[in-house]
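*Asks:* Here is how the chains run, residue by residue.
4 protein chains.
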Amino acid sequence: MKKNKIKIGIVGGTGYTGVELLRLLARHPNAELTCITSRGEAGQPVSDMFPSLRGYVDLAFTDPAQADLKACDVVFFATPNGIAMQQTRALLDAGVRVIDLAADFRIKDVAVWEKWYGMTHACPEIIAEAVYGLPEINRAEIALAQLVANPGCYPTAVQLGFLPLLQAGVVDEANLIADAKSGVSGAGRKAETHILFAEAGDNFKAYGVAGHRHLPEISQGLGLMSGKAVGLTFVPHLTPLIRGIHATLYARLTKETDVQKLFEQHYQAERFVDVLPSGSHPETRSVRGSNQCRIAIHRPQGGDMVVVLSVIDNLVKGAAGQAVQNMNIMFGFEETTGLELVPLLP
Amino acid sequence: MKKNKIKIGIVGGTGYTGVELLRLLARHPNAELTCITSRGEAGQPVSDMFPSLRGYVDLAFTDPAQADLKACDVVFFATPNGIAMQQTRALLDAGVRVIDLAADFRIKDVAVWEKWYGMTHACPEIIAEAVYGLPEINRAEIALAQLVANPGCYPTAVQLGFLPLLQAGVVDEANLIADAKSGVSGAGRKAETHILFAEAGDNFKAYGVAGHRHLPEISQGLGLMSGKAVGLTFVPHLTPLIRGIHATLYARLTKETDVQKLFEQHYQAERFVDVLPSGSHPETRSVRGSNQCRIAIHRPQGGDMVVVLSVIDNLVKGAAGQAVQNMNIMFGFEETTGLELVPLLP
Amino acid sequence: MKKNKIKIGIVGGTGYTGVELLRLLARHPNAELTCITSRGEAGQPVSDMFPSLRGYVDLAFTDPAQADLKACDVVFFATPNGIAMQQTRALLDAGVRVIDLAADFRIKDVAVWEKWYGMTHACPEIIAEAVYGLPEINRAEIALAQLVANPGCYPTAVQLGFLPLLQAGVVDEANLIADAKSGVSGAGRKAETHILFAEAGDNFKAYGVAGHRHLPEISQGLGLMSGKAVGLTFVPHLTPLIRGIHATLYARLTKETDVQKLFEQHYQAERFVDVLPSGSHPETRSVRGSNQCRIAIHRPQGGDMVVVLSVIDNLVKGAAGQAVQNMNIMFGFEETTGLELVPLLP
Amino acid sequence: MKKNKIKIGIVGGTGYTGVELLRLLARHPNAELTCITSRGEAGQPVSDMFPSLRGYVDLAFTDPAQADLKACDVVFFATPNGIAMQQTRALLDAGVRVIDLAADFRIKDVAVWEKWYGMTHACPEIIAEAVYGLPEINRAEIALAQLVANPGCYPTAVQLGFLPLLQAGVVDEANLIADAKSGVSGAGRKAETHILFAEAGDNFKAYGVAGHRHLPEISQGLGLMSGKAVGLTFVPHLTPLIRGIHATLYARLTKETDVQKLFEQHYQAERFVDVLPSGSHPETRSVRGSNQCRIAIHRPQGGDMVVVLSVIDNLVKGAAGQAVQNMNIMFGFEETTGLELVPLLP
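If you read the sequences in order, they're chains C, E, P and H. Going by my numbering, the first sequence opens with residue 8, and the numbers climb by one from there. Going by my numbering, the second sequence opens with residue 8, and the numbers climb by one from there. Going by my numbering, the third sequence opens with residue 8, and the numbers climb by one from there. Going by my numbering, the fourth sequence opens with residue 8, and the numbers climb by one from there.
Pulled out of the complex, with its shape left as it was, chain C reads as follows (with noise of 0.2 Å):
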């Protein structure tokens, strides 16, 4: 039987994923926050910490060991990747669903996950049966799932714009490059000095080039699009901007198509994905706030370039709205439910 409303619990509520988690679950009709945790936090008020949710969230922190997460319907990690793993096996166990927004489950190959982390993992035998939750390429799945794996953002705004072409079998798949752009929330409210004002701020730059943790999560995502193993070039930047992704794709046609048409057609009945007119260029603050791609093709010149923008907010449909999304779809609840948010511009 379907719950009118279910019991939220998130683990580590004190990151931007948490509180953008919080952000849309605060106004979500069939969510009840029932639980946050945060180990340094305990008994905060969370409106403390983020005074932008006083008077939509009453709830305080709560120390991890006293949680009784056992007692949700379904918890949310919003913690540095590593966590999760530790807790997951206990929570499926009582039968609470587990929606990981770090990426503890979204690598298939074990020892791939284990050499880009740096970590053993703790639990390789869940990783089989957790589903990777992108609902565009996955949404019968995730319905069905009790570990969902959380999309990073990076692979989330570059899957959905190779998407269409990988399908097809219309390009080139063993050169493909994906040059990425990252507003700074990507890299989380941690104390670094790297992403402080005055070092990102009015500032550029490339990072990662050598291997970005994000680029096995893209390639085994375009491999399986594909049904063959992809050769990706993937180079994500820094970018003066809050919250944002901007991945702008090449890949080279090898099959004369109408790609404007073959996108329209492939997401037509998406709601999260906006495929614009011939000859736009999307903008980042275009989807700020809210759980849209979008996405926009071009063919320069008219040679066989293709070359596809697509945007989203990093923190949204690249993290917590998805996350949101999933939740909807697992619980049967109208895939749109608590994310008909207007995007914010200017």
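Among these hints, one or two may not hold up.
Remember, identical chains collapse to one label, so a pair may be satisfied in a single copy or spanning two.
[Stated by the list, open to error] Think about it this way: if two alpha-carbon atoms lie no more than 25 Å apart in a straight line, the pair counts; the simulated SDA-like pairs of lysine to any residue are:
| id | residue 1 | residue 2 |
| --- | --- | --- |
| 1 | K235 | H273 |
| 2 | K115 | N182 |
| 3 | K122 | S285 |
| 4 | K115 | A194 |
| 5 | K235 | D311 |
| 6 | K12 | H35 |
Derived by calculation from the structure, the hints in this document are not laboratory data.
Position chains E, P and H relative to chain C; hints supplied.
*Replies:* Below, chains E, P and H without anything else, positioned relative to chain C:
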């Protein structure tokens, strides 16, 4: 009989207050967007100009000459100063209620208005019947008003910050100072050099120190609260943020008072004014995208100088949000309808 | 005989390249600022418009009709495209050397120029004698030039990044990609809506994907380096910073090469091109206010895709600084004179 | 005998005032950078941490324990508060002159200092001999000083703005207000959450209203100018720019005065204080990267309230530039040496 849905017209939909009205009204359960005018953009879908509205607003701009505004229940003017005064008489005569987001009806003394706005008023006889749309002061009159003069952004932040002190008569009203800082969207969506990104970015300056148009509006309001003319020094500044006003207010206490308690009691029933705990420093982002005003009160070193910190989003509580709040009051809807917006942070 | 001081004229001193020329020339020991023209601002002291120059520049703007530019040794055009071509012939005939910071003389094929710039060229016969002012390629010709076509900002960053690879013939020149990001000052000091702070701030987008005017300029340059026509996909983006260009360049290696060594050797004698150690990620702020180009080279996962990261300050090495560098070469001054500028960080 | 080159040591070269000292001293004709210490970065080339210095600074950081600071002519402390006081005695005894950019020697009353800085002073006996390094007030004493206490950033902007009024005795010194706004670099290069880009960006707030450490420093200075204790309300704010302080000062005129003329006469001989024409609004960017203070004076509506607008670059005139200015005075160099910096605009 209270209507469930009212027909809405917006004159001037291409500026920031216009697009903000659209953002709010698109999700308002009692609003039926009927008509949005623009001379320059007639025929163009609104969402072509503002892709953030794709999926939420289907209307195209209408030429003002063709617009059947008289069929609306309420018309919002989101126009430059001097436009509303030319069309309001005819709309009122047709039984349409009007909310002017510009300054045409804010100043009761027409000579003062004409001096500061540099034009002759087109319908001075209507000014007296216009109600100044600050609900926290004029709620009852707004409910009955045919014509509401929606307050300016600075005037909203400054008046809400001084109100409890002046009504209680506990400060020297002859020596008030309002040092106010505004985000750049407050200057409107106009092609002017001084508000370019490369001019206003990474830059801070005062402006209009010799005299800003919001000065007479604020002085009029403070005088009404105080029961006598006030002396006010008002210094506005341009700060490199998109949305937000921060007013830092200085008043000398003339009667020993628990100012924290005074403010808490004054605003305890107000949904959109939030008095923070003693010692707080409200941030503009804590109200970003919302209709909230947050206020903190200080007495540095325990002296008799009261420092009030008051923040709003200039486009919401300082413009479109307050206009919707007024609409709700005028048409008997719950005052918070369509305005339960959790601020976007970060 | 080499002059110790040369007389300088600047046509169009009210834009960003104009004020940047003034910043640099005001402290140049061999420059005597003689004349700065502006139609709109004639008679106004330059430092009234740009208070940053108070104490350094005493000139007032001169009406172009009154300006005695023929008395100058060199005239810089810091004007929109299409102005320099109307005045250059007369200046050259009078023995004045000309440096055009706009695009009038950059493209050798006049038909290509007329197509991309949408106007008829006023003096196509001069184009052949103009020297393309990229000193790292054309130093000797610049020294003898009467007319220098100062390169565009994107073309400078992109060409310096591809140069060693193309000259060495080690990459597939038919499939080059330049994904470039520019600060907003690159759009000039024009009253246009899309570059307002509240539009371009906290926002990121691509533009001109279908075709940008810098594409033929870059293609021409890369073709000369390569010895044959190149295939280039060029995607520019607008990023919320004031100054700075970051070009991310992709080329497929066709011959195994130590690319780090190739770049270091190529640029070892160049004062204004700095090849960073292997593994680096140059930041735009590391060149802010300076004439430096900093470059890093990567081969992600050791594959055959070479990723070059190239940063410049678009107003210095991408415009005014390079123009002064050209002037130094043309007049026999030490090439670094007036350009020993330590970048402003943070 | 005046040396042509002096040996410079810098203690604490990894913060913003440290790198700014390096920027300025790298091009100072009389400075020989000899030693830069850092405990954490010993052995690392300075330009690895700050690539902006590549080509200008060749030194590596030295471990403080190994640094031969006594061989220097002058040592700058660009350290947190409480460090300089532990090493200054030994340096002075060795004949080394010291300029402390932190607060250790700014407050003459040691009890006041200990209260505000929360530690016991390590060498209270030296405080009396320290000269407060505001050249516009103490030039003669600075020339002879062995130990200079370089002023704080807010204190510099506020004191220069009030100085002519207080020395002339024309305002009510018991009711002064300083509403000051600072860029985020003023908080230092520290890994702290509240100054992250995603926290401080697109945000504005007051802080330290109850009491900021610069209050006693400013009060002490204003009292000396005024000849009696002053009453000051000081409210600092954090604004989303990297560099720059804007102080808006309020004082009630007690004696009718031509304040514009007063300021112009007071500062006519000062190279680094620029009084703007009547009616001006100085911008922080008009001093970006320079040692300039620009001031404008207003009397809104011709009343007796004087509003002074004072802007500086907090890292230059508010820290490293003023320190170099002091060094120039101490060693008999032209006061402007190395400080003829045209501000970077835009």
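*Asks:* None of the hints should be skipped; say for each whether it holds.
*Replies:* A quick look at each hint next to the structure:
When the C-alpha separation of K235 and H273 is checked against a cutoff of 25 Å, the pair qualifies only within one copy, where the shortest distance is 20 Å, while the shortest distance between copies is 40 Å. Only within a single protomer do K115 and N182 lie at most 25 Å apart by alpha-carbon distance; the minimum there is 23 Å, versus 34 Å between protomers. When the C-alpha separation of K122 and S285 is checked against a cutoff of 25 Å, the pair qualifies only between copies, where the shortest distance is 23 Å, while the shortest distance within a copy is 41 Å. For the homomeric pair K115 and A194, the shortest alpha-carbon distance inside one copy (24 Å) is at most 25 Å, but the shortest distance between copies (44 Å) is not.
With identical chains, the CA atoms of K235 and D311 are at most 25 Å apart both within one copy (22 Å) and between copies (20 Å). When the C-alpha separation of K12 and H35 is checked against a cutoff of 25 Å, the pair qualifies both within a copy, at 10 Å, and between copies, at 24 Å.
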